[in-house]
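Protein chains: 2
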Amino acid sequence: MRMPEPNAAVMARRALIVADLKRLCPAAECVIEAEDEIRAYETDGLSAYRQIPLAVVLPRTTEEVAAVMRYCHQERIPVTARGAGTSLAGGAMPTADGVVLGLMKLNAILDLDFANRTATVEAGVTNIAITQAVEHEGFFYAPDPSSQLACSIGGNVANNSGGAHCLKYGVTTNNLLGVKLVTVEGDIVEIGGKHLDAAGYDLLGLLCGSEGQLGVVTEVTVRILKAPEGARPMLLGFKSNRQAGACVDAIIASGIIPVALEFMDKPAIHAVEAFVHAGYPLDVEAVLIAEVEGNDTEIDDLLARITKIAKAHDASYLRVASNAAEAAAIWKGRKSAFGAVGRISPDYICIDGTIPTSALPETLDRIGQISRSYGLEVANIFHAGDGNLHPLILYNANAPGELEKAEQCSAEILKLCVDVGGCLSGEHGVGIEKRDLMDYQFEAHELALQKRIKAAFDPHDILNVGKVFPLEDATTTALGRAA
Amino acid sequence: MRMPEPNAAVMARRALIVADLKRLCPAAECVIEAEDEIRAYETDGLSAYRQIPLAVVLPRTTEEVAAVMRYCHQERIPVTARGAGTSLAGGAMPTADGVVLGLMKLNAILDLDFANRTATVEAGVTNIAITQAVEHEGFFYAPDPSSQLACSIGGNVANNSGGAHCLKYGVTTNNLLGVKLVTVEGDIVEIGGKHLDAAGYDLLGLLCGSEGQLGVVTEVTVRILKAPEGARPMLLGFKSNRQAGACVDAIIASGIIPVALEFMDKPAIHAVEAFVHAGYPLDVEAVLIAEVEGNDTEIDDLLARITKIAKAHDASYLRVASNAAEAAAIWKGRKSAFGAVGRISPDYICIDGTIPTSALPETLDRIGQISRSYGLEVANIFHAGDGNLHPLILYNANAPGELEKAEQCSAEILKLCVDVGGCLSGEHGVGIEKRDLMDYQFEAHELALQKRIKAAFDPHDILNVGKVFPLEDATTTALGRAA
Numbered sequence: 001m002r003m004p005e006p007n008a009a010v011m012a013r014r015a016l017i018v019a020d021l022k023r024l025c026p027a028a029e030c031v032i033e034a035e036d037e038i039r040a041y042e043t044d045g046l047s048a049y050r051q052i053p054l055a056v057v058l059p060r061t062t063e064e065v066a067a068v069m070r071y072c073h074q075e076r077i078p079v080t081a082r083g084a085g086t087s088l089a090g091g092a093m094p095t096a097d098g099v100v101l102g103l104m105k106l107n108a109i110l111d112l113d114f115a116n117r118t119a120t121v122e123a124g125v126t127n128i129a130i131t132q133a134v135e136h137e138g139f140f141y142a143p144d145p146s147s148q149l150a151c152s153i154g155g156n157v158a159n160n161s162g163g164a165h166c167l168k169y170g171v172t173t174n175n176l177l178g179v180k181l182v183t184v185e186g187d188i189v190e191i192g193g194k195h196l197d198a199a200g201y202d203l204l205g206l207l208c209g210s211e212g213q214l215g216v217v218t219e220v221t222v223r224i225l226k227a228p229e230g231a232r233p234m235l236l237g238f239k240s241n242r243q244a245g246a247c248v249d250a251i252i253a254s255g256i257i258p259v260a261l262e263f264m265d266k267p268a269i270h271a272v273e274a275f276v277h278a279g280y281p282l283d284v285e286a287v288l289i290a291e292v293e294g295n296d297t298e299i300d301d302l303l304a305r306i307t308k309i310a311k312a313h314d315a316s317y318l319r320v321a322s323n324a325a326e327a328a329a330i331w332k333g334r335k336s337a338f339g340a341v342g343r344i345s346p347d348y349i350c351i352d353g354t355i356p357t358s359a360l361p362e363t364l365d366r367i368g369q370i371s372r373s374y375g376l377e378v379a380n381i382f383h384a385g386d387g388n389l390h391p392l393i394l395y396n397a398n399a400p401g402e403l404e405k406a407e408q409c410s411a412e413i414l415k416l417c418v419d420v421g422g423c424l425s426g427e428h429g430v431g432i433e434k435r436d437l438m439d440y441q442f443e444a445h446e447l448a449l450q451k452r453i454k455a456a457f458d459p460h461d462i463l464n465v466g467k468v469f470p471l472e473d474a475t476t477t478a479l480g481r482a483a
Numbered sequence: 484m485r486m487p488e489p490n491a492a493v494m495a496r497r498a499l500i501v502a503d504l505k506r507l508c509p510a511a512e513c514v515i516e517a518e519d520e521i522r523a524y525e526t527d528g529l530s531a532y533r534q535i536p537l538a539v540v541l542p543r544t545t546e547e548v549a550a551v552m553r554y555c556h557q558e559r560i561p562v563t564a565r566g567a568g569t570s571l572a573g574g575a576m577p578t579a580d581g582v583v584l585g586l587m588k589l590n591a592i593l594d595l596d597f598a599n600r601t602a603t604v605e606a607g608v609t610n611i612a613i614t615q616a617v618e619h620e621g622f623f624y625a626p627d628p629s630s631q632l633a634c635s636i637g638g639n640v641a642n643n644s645g646g647a648h649c650l651k652y653g654v655t656t657n658n659l660l661g662v663k664l665v666t667v668e669g670d671i672v673e674i675g676g677k678h679l680d681a682a683g684y685d686l687l688g689l690l691c692g693s694e695g696q697l698g699v700v701t702e703v704t705v706r707i708l709k710a711p712e713g714a715r716p717m718l719l720g721f722k723s724n725r726q727a728g729a730c731v732d733a734i735i736a737s738g739i740i741p742v743a744l745e746f747m748d749k750p751a752i753h754a755v756e757a758f759v760h761a762g763y764p765l766d767v768e769a770v771l772i773a774e775v776e777g778n779d780t781e782i783d784d785l786l787a788r789i790t791k792i793a794k795a796h797d798a799s800y801l802r803v804a805s806n807a808a809e810a811a812a813i814w815k816g817r818k819s820a821f822g823a824v825g826r827i828s829p830d831y832i833c834i835d836g837t838i839p840t841s842a843l844p845e846t847l848d849r850i851g852q853i854s855r856s857y858g859l860e861v862a863n864i865f866h867a868g869d870g871n872l873h874p875l876i877l878y879n880a881n882a883p884g885e886l887e888k889a890e891q892c893s894a895e896i897l898k899l900c901v902d903v904g905g906c907l908s909g910e911h912g913v914g915i916e917k918r919d920l921m922d923y924q925f926e927a928h929e930l931a932l933q934k935r936i937k938a939a940f941d942p943h944d945i946l947n948v949g950k951v952f953p954l955e956d957a958t959t960t961a962l963g964r965a966a
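Line order of the protein sequences matches chains A and B. Each step along the first sequence adds one to the number in my numbering, with nothing skipped, and position 108 is 108. Each step along the second sequence adds one to the number in my numbering, with nothing skipped, and position 67 is 550.
Do not rely on the hints blindly, as some may be mistaken.
As the list claims (entries may be wrong) - Selected chain B positions facing chain A (Cβ under 8 Å, derived; list incomplete):
| id | residue |
| --- | --- |
| 1 | Ser693 |
| 2 | Gly713 |
| 3 | Ala729 |
| 4 | Gly738 |
Said to hold, decoys possible - Among chain A residues calculated to face chain B with C-beta under 8 Å, some are:
| id | residue |
| --- | --- |
| 5 | Phe114 |
| 6 | His270 |
| 7 | Thr354 |
| 8 | Gly421 |
| 9 | Gln450 |
| 10 | Ala455 |
Hints listed in this document are in silico derivations from the structure and should not be mistaken for laboratory results. Yeah, the Cβ is synthetic: ideal placement off N, Cα and C, and Gly gets one too.
Hey, can you work out the whole structure from these sequences and the hints?
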């Protein structure tokens, strides 16, 4: 879906706005207007959607962010805040009539406080950089999205990001203590901090996952945790998706909380083996990776209990990593899975629905039926322990109509997630991708309430417009409002 | 602070409203108007403040709650939702011109789902009843406020309640998965559910702790957890508050997360020993109770590590509970502490500030200085591990001016919490008690943002008015608006 190139009126508006932004952020290379440079910001991880913005501004300080927001609020200029641009749902995609506010120059680590177990960093710092900054003291930052080498902590806050190890430690909102927020009016607000809880309303909880629609986060304080003594994964193979799903359900119902419990089905297993030779069994329909943490005694005990449950669910393959190399190989397969699928299919849509874990077996059956009804192949690779599904719908964008078919298939699977008591998004956000499904999940009065909250923060509706909510009328283009 | 009794105009208004409420909730004993019966609702756990409401309505269903809300919204009648009335901050206190909406008839346990580890109950169910309903399967509900035998889960959601065991398991918001909310317009909204995360904004996080100002919760879905194999407390004594505080800090900084880490100072210890003879040492200035969980090996290991840290901080007394009776005695002292203080002082104010744990030693010193400057005694009893302080300011309400002096002392201690990087409230809420300190913690534009959020939910401002925010003008009485 490619939008028309900007016309002359847009070019004139761009020139005016660029001049103003240069006044507000006067340092070199803080405002980008050249066509070839601006193109780097036309899309994010949802690359089927592209849009050139009017301009890109890269402030260096919270104060410059505040000045830009104050200006855009006064001038009614749409703003899309952007971290590393790794959104899989189009959350960082610009509008034709707006500016991109990139936060990558805000990349300082401000405070590491081991006594209070907190780290305070600027929003553009990558997820992995937080762990790298504290690991010399034996600490780590728990949420670990697959994109953690690239994605920024500000983007994690906007999307309430998760990851493979969030089953035990929770997602971003469970590890977030405070933010510095620039409001749409350009006020700088401190929310939360190093202490437990907060007086007044829990704005921190509301902001986390609000997809950049309520304000711009410039600093983040997170909980850091002491790294466990050790961790060990095991690989479990099953003759059917349903058995694997039932085993996940039984492990969780037993009260064991593995630090990770990942699921891959046959198409994913074969793609991975052909790519990285992780040593996965090829004669099974599904594998699980279960990882537990603690000292050796605890690890032995937990893996023995998981093994017992797996055998009761007819696991046909069981292997505990006996050393660091075997553990790394097991994880290498999972971590390269998306890339591996990319090798066997020119394109895929990565879905991000969540379901109650008890609905896993039934949901996996239905996903197979739905994808077959569209004549599309699906590879299931996901965080099974907390019910966060990532089915990959394989398609060929060069075959006419296949993208649309894959999108319809994807929508049907997401509706299935809602039908079984789950929801549209686990960790990728709604963005552009799922906005038109929001009225499948929510009643009109529920969406109206959410919009009133947006209006309380953003009365002129300039922050990350065209996302999260179903598009309302023809004057709102698919990628934002008409210029 | 007792307000004038209602006048004739109020009486007439009451008669009209009572008739309407009886039409909406027609079953017997659902509307209370008799002076002697209504008096049971004039106050909550903050008994220094009292106010007779116009009427009390006790709906039996979510639909009746919705009908009452729709009516009160249309008629602009203030509504104070009330669970068990155990608020320590005046959060459930009525206004003279409003109705109390009591939720105690909504007391059904609706769904226990061990496969998904969730329990769904009506809002009037007590906190302890959730654990009682699931313990036969080896599960429990983690947050455990001291009032857990009486307090309702709806009130826990409104106040984001904590408890002694929340250091490991988190407070209400960390264990809450979904609610059924009646909006002020009388719409019924499902927020969250059994699945991870939610699409759209995180209204669940926002509602939790919003003190009944954004809507009325009628059903609650919480996470239930598998009970640990075992738990064991130990008692540690120190020659100074500062040493005990530094030891708490060192335990947390070591990465150990005890399931509870409680602090009591000398006045509290002596009051407790005189009351329940828990076997606490009397020749120390402070004791800590540290409890850890797991199997016997894990427990031995963790208590040995805590012992080593305590010795490094010059602990003068160390005792590990060697059996269930000794464990019960250690906890009996802590759990009866507030009652014990009630025996040595006719009245006390229980403060509820939080601080970064690293500020504990300094803050305890300053609390001692502040209370001495007012000539008041203070007993410190609190959840030290997560920095949630509960200093008790002892005073005599019958001595002229002592309540005011105690309130000033309390306000000064709460400001101290803010000054050291903490906040006004840990788990009791702001309510009436701390509303006038909110502008010490928050800037004007921060409070304005919070008020815009309230307006998004409650445009006519009828829900639990006169709480949380500083009172604005003379037409707003201390206990609500003028009738």
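Among all the numbered hints in the text so far, which are the ones the structure does not match? The structure breaks hints 2, 3 and 6; every other hint is satisfied.
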